[in-house]
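**Q** Sequence:
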Amino acid sequence: MSQQRALSVHQPLSVCQHWVGYFYWRWLTLLQGFGVIGFGVTGFAVMGAGVMGLSVSASLLADEPYPSAGVTLVVPYGEGGATDVLLRAVAAQAQEYLEAPITTVNMPGGGAILGSQFVKESAPDGYTLLGSHQTIDLSYLSGVAAYSHQAFAPVALLTRTVNIPATRAGHAATGAGDIKRLIHQQSEPLLFGVIPHSTDHFFWLHFFAEEGISAADVQFVHYPGTSAQVEALLGGELDFAMLNLPSARALFNAGALLPLGVASEDRLADLPHVPTLHEQGIALVNTTDRGLFAPLNTPKERLGVVAKAFEQALAAPELVHALEQTYGSFVDFKALDAYGHYLEEQYQQLQALAGAIQFQR
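Numbering (this note's numbering) for the sequence shown: 1 to 361.
Since the hints were derived computationally from the structure, they do not count as laboratory data.
No incorrect hints appear here.
Cut-off 25 Å, straight-line C-alpha distance, at most; resulting in silico cross-link-like pairs (SDA-like, lysine to any residue):
{"no.": "1", "residue 1": "Lys300", "residue 2": "Pro124"}
{"no.": "2", "residue 1": "Lys300", "residue 2": "His341"}
{"no.": "3", "residue 1": "Lys334", "residue 2": "Tyr97"}
{"no.": "4", "residue 1": "Lys334", "residue 2": "Tyr347"}
{"no.": "5", "residue 1": "Lys308", "residue 2": "Tyr342"}
{"no.": "6", "residue 1": "Lys120", "residue 2": "Glu311"}
Use the sequences and the hints to build the structure in full.
**A** Here is the structure:
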């Protein structure tokens, strides 16, 4: 398998297809809520089941072959961001082992809540999945969302991506250590792009806590996704954003954007000249941990089938190499219960840190 093949991705749905699909599913969910219909194993409505007092039981699902139709992977961010890029790359390989197409659908909005809520309310049949990360719990801890990761069935942790504070070429900052100095020197607040209550918002508050910077001395500018932040950074509308190699590698290499440090224990192979934050005296290691989630009560057997397909995909040497060398990410596969335990431990850590940096309900 060539590297090009390993990194092939689905073409994103058009805006029209996306929203038609969205409102179709919202309509089905509404009808299901009133007991008018049940959902079949392929995601189509089984009319009249509610009227007959019947429902699609777990035993019925267990008797059906899976998968017998394509799987939808919802990414709660826009096209071109790190989550979108990474999940498309991995899903393109996983569908070969799943033996069913995986269609990636971008559903940005509400700080990633629109997409996650859509999946949470979808039929628990294994045909609708969510690809996300710590933002699920961060949105809950900040009081924006009414649910945490516990509202989903854990499928698998896939990758962890090293995060990178960045600025545009020509900015006065040339290293992460310059940020504190510039904040104190500027007469106007410096502008930091964030997806509200997501991993980058949390990253900056953690960074400020380590550097002794007050969040009141800067201005956060909200964006729906990473790609929008990149455009704003390039256009001079922002001073800083938290990026990573999936979202900004080409721009780093072209010199259009400047990585100010890497939030990892060691330097990244693709950015060997960029020092870690630790090397700059900032005690901060930060990764975005991406995985798959399903609606609660999805049969565990089906989750196991999905997890196995993604595990096989992540064993492909070409994909692993691309993830590490090109995308600054590494495979950390954990499936089902193991992922569930990981999420619980991570939640406790996030909760403690959120309280320390005043990022909570």
